[in-house]
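Here the protein sequences line up with chains A and B, keeping their order.
My numbering applies: residue 1009 is where the first sequence begins, and numbers increase by one.
My numbering applies: residue 9 is where the second sequence begins, and numbers increase by one.
Derived from the structure by calculation, the hints contain no laboratory data.
Given the structure is predicted, the values throughout are model-derived calculations rather than measurements.
Ideal placement from N, C-alpha and C gives every residue a C-beta, glycine not left out.
Mixed in with the good hints there might be a few duds.
Computed list of lysine-lysine pairs in DSSO-like fashion (alpha-carbon distance at most 27 Å, straight line) [as the list claims (entries may be wrong)]: (1) B:Lys274 with A:Lys1033; (2) A:Lys1510 with B:Lys203; (3) A:Lys1459 with B:Lys312; (4) B:Lys347 with A:Lys1625; (5) B:Lys285 with A:Lys1047.
Partner residues aside, some chain B positions facing chain A, computed with beta carbon under 10 Å [claimed, not checked]: (6) Ile130; (7) Glu268; (8) Gly296.
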Amino acid sequence: MLVSYKWLQSFVDLGNITPEELAEKITKSGIEVEGIEQKSTTMKNIVVGHVLEKETHPNADKLNKCLVDLGEGEPVQIICGAPNVAAGQKVVVAKPGARLPGNIKIKKSKIRGEESNGMICSLQELGFEGKVVPKDYAEGIYVLPSDAIAGSDALELLNLNDAILELGLTPNRADCMSMYGVAYETAAILGKSVQIPKSNYTSSNEKTSDYISVTVEATADNPLYTAKVIKNVKIGPSPLWLQTRLMNAGIRPHNNVVDITNFILLEYGQPLHAFDYDRFGSKEIVVRRAKVGEKLTTLDDVERELSSDHLVITNGSEPVALAGVMGGANSEVQNDTTTILLESAYFTGAVVRKASKDHGLRSEASSRYEKGIDPKRIHLAAERAAALIAELAGGEVLDGLVEFDQLVTEPISIAIELSKVNQFLGTELSLDDVASILQRLQFPYQLDGEKISVSIPTRRWDLQIAEDMYEEIARIYGYDNLPTTLPKGEQTAGGLTAYQKKRRIVREVLEGAGVNQAITYSLTSKEKVSQFALTKAEPVELAMPMSEEHGVLRLSLIPHLLDAVSYNRARKNENVSLFEIGSVFLSNGAGVLPKESEHLAGALTGLYINHPWQAQKVVVDFYTVKGILEQLFKKLQLDTMIRYEKAEYEGMHPGQTANILLNDQVVGYVGKIHPSVEKQYDVKNVYVFELMLDELLHTNVPPLAYTMIPRFPSMTRDIALIVENGTTAGELEEIIRTAGGKLLKEAKVFDVYEGDKVEAGKKSVAFTLTYFDPSRTLTDEEVGKAHEKILTALKDRARAELRQ
Amino acid sequence: MQDRLNQLQEEALLQIEAASSLKELQDVRVAYLGKKGPITEVLRGMGKLSEEERPLVGALANEVRGKIAERLQEKQVLLEAEAVQKKLAEESIDVTLPGRPVPQGNDHPLTRIVQEIEDLFIGLGYTVEEGPEVETDYYNFEALNLPKDHPARDMQDSFYITEETLMRTQTSPVQARTMEKHKGKGPIKIICPGKVYRRDNDDATHSHQFMQIEGLVVDENIRMSDLKGTLEVFAKKIFGADRKIRLRPSFFPFTEPSVEMDVSCKICGGDGCSVCKGTGWIEILGAGMVHPNVLRMSGFDPEKYSGFAFGMGPERIAMLKYGVDDIRHFYTNDVRFLKQFSPVDSSTEK
Ligand SMILES: [Zn+2]
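Taking the hints into account, I'd like the entire structure generated from these sequences.
What follows is the structure, given as structure tokens:
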């Protein structure tokens, strides 16, 4: 809502308060003033000029040479390119030395050899948006009324020195979509009263009811419809004051009658519609739901197909307006219109919202109906409009009105108690304090001891319950004046859950290993969604996605991490280590919430360590990533429950991928991405992992307990085994562990060799075996026995020979 | 003979003096004090001397020996010290060369902000609650006093999956779920961080996915002044103790009264600049007293209980705190961006 300071001043005495001060006060009391614009501050030296003569520029067909009286000294020559400039016009002239919006400075100049002493201005050049400029002047200069005085201040005349406050209205404050509403709000804030202009006109002897009747069929959508008729109207431009009021409020002036309906809409918040009575097509107004397939061409010349969801005004046979949204072209007020049928009605928000949404039409009228109007102003607005039409368009207002009225407005009264007000707000207000706030709001009230019964005026339909009144009291009292306290009740112990704590540890470990946390989008494309999924599932799809890229919910975090790697690579960031913690979404069937499983994934590529001057470079490979994960599992005390197994996944390198098993359940995988995926994402040598984080973190681990520092020495034995190439270290380790018994503390690979020195098709894997008993020093004999057992098992189960 | 001994001593001392290495010194030692050395030789020839002369020469020989040995020892210490010095000099390195890098990653800046806020409220006795990102229409809207035809639903166009399920548009459904779990019994003190989704085209200031963090307190006798006090603690901790706060009335369907909180602009100190659009204030969060309908729907008696709730956007806070100019940076994960957010930030240190 754009609010003119000068207009507001006509309702409320603003005293010496500057627009800026007023804006600050309004903002602090509840309606955010999003901006203040005073166009004249960017302009100077702009006056009314009288065009005395006009002839075509001798050297340019499209330019005009004008002689303009600026009200002082000799008339001056000004070159003007506007096609509509003519002798006799009063125009806006920027004199040499003038400044225009956009910091444009006007100087005396020569245009195509002819002297030009200034510029004749269009409204756009004066800072008006094109969409509010009257159509007649859209392509040229603006022509002022003939009574404008040459040399006078054009900025004042055009109300450009008015300050316009832009109010950002929340949906509950639709009462301020009118100047009256803003006036009441301002008056409450300032503790002033509101002056409302009276409507005065002399009615003709003819009765409105002889001209028109009204029937409402859709009574639920339209509980109140009134119409008046004004005869002998002369359509023409509105007076300048009215045009500038509209333009400053963001509305384009059309003609006097239409402008008056818009003016009243701004003033009262009540949408009005003017039909050309003679073009209306009948003497009856019938309001009903549209028939399926019925058509109406609206004022914007668009033919609209209607449905039974839409409410229409008809002449008994065909629609003439889409109720509350826009009038029809067939009954539009035109220059030759002489009789006006004026509508003022109450349409429900729901029916207007539906039509407005279906037809993509948001008008000043529809937005007010959608958010609600004050039913008390429906008649007042019609009377005031009739009076103005009589005054400004020379009309004759017929006696009375026609109406359908089934609107029931229950008076709303809210009961509050002083002690509850103070308890709720934390204040210590007295009864007088509260009463004085209610007076400022102009809400009638009754006192019964400390009980206050507040009658809510119809203009504040947003107020329904006690809490609404607490807010009114608090905001007029001033939020700045509220005390600051902290909750006093029972003490609670704050903290994180075990899961949340462990999740923080996960981040710490990964970051400590050089991996940066990433956050990517949960919505992905159908093309990417199934790749890398740990659990195969039908993806959850959005009903109406904004794009294919973000149409389904992810099943894996890896695709978007690869996008991030690719994004980095395109920017020459070759060394990238990223991890993400986020949900994947597994469908539980339509209409049911999916299972959300929290996953941890990572993508690493390039150099893990780069230390050039000592020629130390560690390139990320499978074991880098696996090492980081092992570290993670160890920190989470899960290391002894974890096992790796060669695995195949869509999108992964079949020879370099392992399943990660937690107590024999697959909880994730780690590996290198497939070359075809490298191509798809335009990346190289990327290693990824994805884990079901929730499974990991919900796994019970033994409580932390101290293990004694060994007092007895351990014994180590190294063995090098010759095995088939396909035998894995994991298998060998498993055999060693099972056969080693209680004394074997640890088996660690220290060398792997394939090459000339072993038989083809075989390899050597060497282990260090550590034997230990916490209660005593082991003897060679005992260790020898256990060791023999291991060697035999290795030989039996893996055909492993000791390397000589 | 005595002359000979004196001469030997003089020679030996000169050679000790001249020795420039431990090796040379050792040679001198062997040459003069060794079993085949000249002093031993002199002593062997003592038989030729008279009884009177013998003890005198013997004493002198011992004295010469002692003197040489003493000087050898002195020289030894000196040369050893020199050798150490030399070795140390040889071991000298260029201490200005860069060290061996240890890989280190960072929290995502949004995580940092969320954690900072979580920790602050944990200190005030709050717990951290989380909830699903795909929600029912009921928890996302209806339980928050937004019935199906409520005009405010236009304010947050949503990604629906079916008519009854959607990507949550706010973290508030976690509040509704938590209140339900408490079965009408307070106190509740929670903070709810999480991802939310809205139908917005991604640009410098909009993102179809973003973070939110909300707080909720429900108990007997919770006052609006408690909300104001809590927000003041929050603002001073997160934005710095010197910042002022301002509450403005606002509107949210799930709170009544509703407020928006501004903090004074850090850039201009409140005088007005382009960051605060000339107002001197920057909007940080929305809050309010829990609407009685919301309390009632979640099983709390509004006659007995009251509460407050607040919510804010970590992206916005990160953008203001660190001066990030484009919200998309948070989701493209450029490592040059991610690596900037060290866990140390002096802006809120006291
Ligand atoms: Zn500022």
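Requested in this report: Output the numbers, in ascending order, of every earlier hint that fails for this structure.
Outcome: none
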